[in-house]
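One line per chain: the protein sequences are D and E, in this order. So in the numbering used here the end of the first sequence lands on 370, straight run, no missing numbers. So in the numbering used here the end of the second sequence lands on 166, straight run, no missing numbers.
Honestly, I wouldn't trust all of these hints.
[What the hints assert, rightly or not] Calculated from the model, a selection of chain D residues having no Cβ within reach of chain E, i.e. all distances over 10 angstroms:
#, residue
1, 2
2, 27
3, 39
4, 44
5, 45
6, 66
7, 204
8, 213
9, 305
10, 344
11, 357
[Claimed, not checked] So the derived label-pair ranges between C-beta atoms look like this:
#, chain 1, residue 1, chain 2, residue 2, range
12, E, 46, D, 22, 20 to 28 angstroms
13, D, 7, E, 4, 30 to 38 angstroms
14, E, 137, D, 22, 36 to 44 angstroms
15, D, 228, E, 103, 46 to 54 angstroms
16, D, 324, E, 140, 38 to 46 angstroms
17, E, 20, D, 73, 41 to 49 angstroms
18, D, 5, E, 137, 53 to 61 angstroms
In case anyone wonders, no lab produced these hints; they're calculated from the structure. Cβ coordinates follow ideal geometry from the N, Cα and C atoms, glycine included.
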Amino acid sequence: MFDNITNWIDGLTAMQQFVLFSGVKIFAVFGVLMTCVAYAVWVERKVAAAIQDRVGPNRAGPFGLLQPACDGIKAFLKEDFTPDHVRKAYFWIAPAIALIPALLTVAVIPFGSNLGAQKMVIADLNVGILYTFGIVSLGVYGIVLAGYAANSKYPFIGGIRSSAQMVSYELAMGMSVIPLFLWVGDLNLSQLVISQQGFVGWLPDALGSVRLPNWLVFQSPMLALSFFIFLVAAFAETNRTPFDLPEAEQELAGGYNIEYSSIKFALFFMGEYAAMITASAMMVTLFFGGWTLPWFGLDQPATSIPGGLLHIGIFFVKVVAFVFTIVWVRWMWPRFRYDQLMDLGWRRFIPLALVNIVVTALWLWIRSRS
Amino acid sequence: MSPVFLILALVTLLSAVAAISFRNLVHCSLSLVVTFAGLAGLYLQLHAQFVGFAQVLVYIGAVAILIVFAILLTRSADTPNHAVLAPGWLVGIAVAVVVFGALGLAILKSEAISKKVPAAPEATVKQIGDALMNQYVLPLEVIGLLLTAAMIGAVIIAMRDDKEAK
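I would like the entire structure built from these sequences, with the hints used as guidance.
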């Protein structure tokens, strides 16, 4: 049975194999991502409950683990209500546009080294990071269109707020990673992960076995600052607290998604969580070594199937840690005021990111001359 | 001509026509977004990944969203009642045809078109950076200066409005 399949695969042309394996990877990643989205909601509710000294969802299945399935079924079966006063075409298209960019970004993220001969990344683009920022910048359209389509006040304000916020923080986010690529000298995300193997070189030898992984966030203070700016910008880009002004419930009654119900509302919801997961995956890839761990030779591309699965597991655990942090922050921090948000973005982070680029470039120039 | 090129070209052209013919400005600006996306697709189809994704990032992600933003903020939903076509549209088309003819003639007569097209080199981002920072550094700086001047101009216009309001 297994031999038959291997023989059949070997018999295919290179093009057919490429299509087959890409298809399998796309479906696998999509399936895992959507499951993670569902369970990120569960994690969010459980963490919120723990922080607020409540129990959280506990009726459907053990520990409420079937809650995401119930929510999904409910969203699909609920009446899909379209209010009279909305602009129909935009009203229909906006939820899809909100979800698609978050899904597309995953395509260039290397989520493992390799399984057999297959690289564990859907599209190994040479300009991976440019692709990511290009696609991320499309995320704002879903929200703006939803705000415009709703044709009423609160969603409209939510849409306007969102576009201003996301355009502002996109700049800081884009500029924060430039030092990273000056440092590494490659825009391909797989190469970036490879450059994070081993341990950092700047710790004194006297520390002995106390060693830091050679992840980019630890390689220099400039890159640590880059990570800090990227992290804050990621919160703003994904509309998470403390920057969830586009949907601030107390001010806007939910913002851009007020007029939506059933599965259309669920699409916005899934889009937000998918964006949160892809932002976490980006941070892991850019700053925290991707699928590598410097111990037990786990920073070398896998040679066996279990090794490849282990790398995917490492990547997954790192991403889950970031998702947990993002959820945690939401329930611990109050929301910023809108003028504070703009002030922070334009007057603090953008100059800081620019200075960071210049300092990194100078440092690399001095290092190359000595 | 590949089917991919035909589809992309059709999408780009149709959305460009839509962008100038809708009455509602929001429809126009969103059609413009589709035009930009079509152009990005054409660049990608030519294996120019850097230019293609830069087009997405800069034009769709920044320029177009600012246009949509400005329209929503200023005259949100009201559709103007007057005709879409300006009174002198016939003259406009005539001028456009003349310019297109002149440009097309110049291109067809130039020596560049008779030369055999070399195989497209795999242009890396590094090569693009090298070219921008060495060979074309002066045009780059001039464009930078121009954009800075435009930005200062925009800020001054906005500030003047503010004073009159007071």
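Going down the list of hints, with the structure as the test:
1. Every CB of chain E is more than 10 angstroms from the CB of residue 2/D (nearest about 38 angstroms), matching its label as outside the interface.
2. The claim that residue 27/D lies off the interface holds: its Cβ sits roughly 23 angstroms from the closest Cβ of chain E, which is beyond the 10 angstroms cut-off.
3. At roughly 30 angstroms from the closest C-beta of chain E, the C-beta of residue 39/D stays outside 10 angstroms, upholding its exclusion from the interface.
4. For residue 44/D, the non-interface assignment is confirmed: its Cβ lies about 28 angstroms from the closest Cβ of chain E, beyond the 10 angstroms cut-off.
5. At roughly 33 angstroms, the least C-beta separation between residue 45/D and chain E is larger than 10 angstroms, which holds for a residue marked as non-interface.
6. Under the 10 angstroms C-beta cut-off, the non-interface status given to residue 66/D relative to chain E holds; the minimum distance is some 39 angstroms.
7. The claim that residue 204/D is not at the interface with chain E holds, since no C-beta of that chain comes within 10 angstroms of its own (minimum 35 angstroms).
8. With a closest Cβ-Cβ approach of about 27 angstroms to chain E, residue 213/D is found to remain outside the 10 angstroms limit, as its non-interface label requires.
9. Separation of residue 305/D from chain E is adequate, the least Cβ-Cβ distance of about 32 angstroms exceeding the 10 angstroms criterion.
10. Under the 10 angstroms C-beta cut-off, the non-interface status given to residue 344/D relative to chain E holds; the minimum distance is some 20 angstroms.
11. Chain E leaves residue 357/D outside its interface by the beta-carbon criterion, the shortest separation being 14 angstroms against a cut-off of 10 angstroms.
12. At roughly 22 angstroms, the beta-carbon separation of residue 46/E and residue 22/D lies within the given 20 to 28 angstroms, and the hint holds.
13. Checked against the hint of 30 to 38 angstroms, the pair residue 7/D and residue 4/E passes, with Cβ atoms roughly 33 angstroms apart.
14. Range check, residue 137/E to residue 22/D: about 40 angstroms between beta-carbon atoms, so the 36 to 44 angstroms window is met.
15. Between residue 228/D and residue 103/E the beta carbons are some 50 angstroms apart, a value that agrees with the proposed interval 46 to 54 angstroms.
16. With their beta carbons about 44 angstroms apart, residue 324/D and residue 140/E fall inside the hinted range of 38 to 46 angstroms.
17. At roughly 46 angstroms, the beta carbons of residue 20/E and residue 73/D sit within the given window of 41 to 49 angstroms.
18. The hinted window of 53 to 61 angstroms between residue 5/D and residue 137/E holds, with their beta carbons roughly 56 angstroms apart.
This entry satisfies every hint, going by the numbered hints stated previously.
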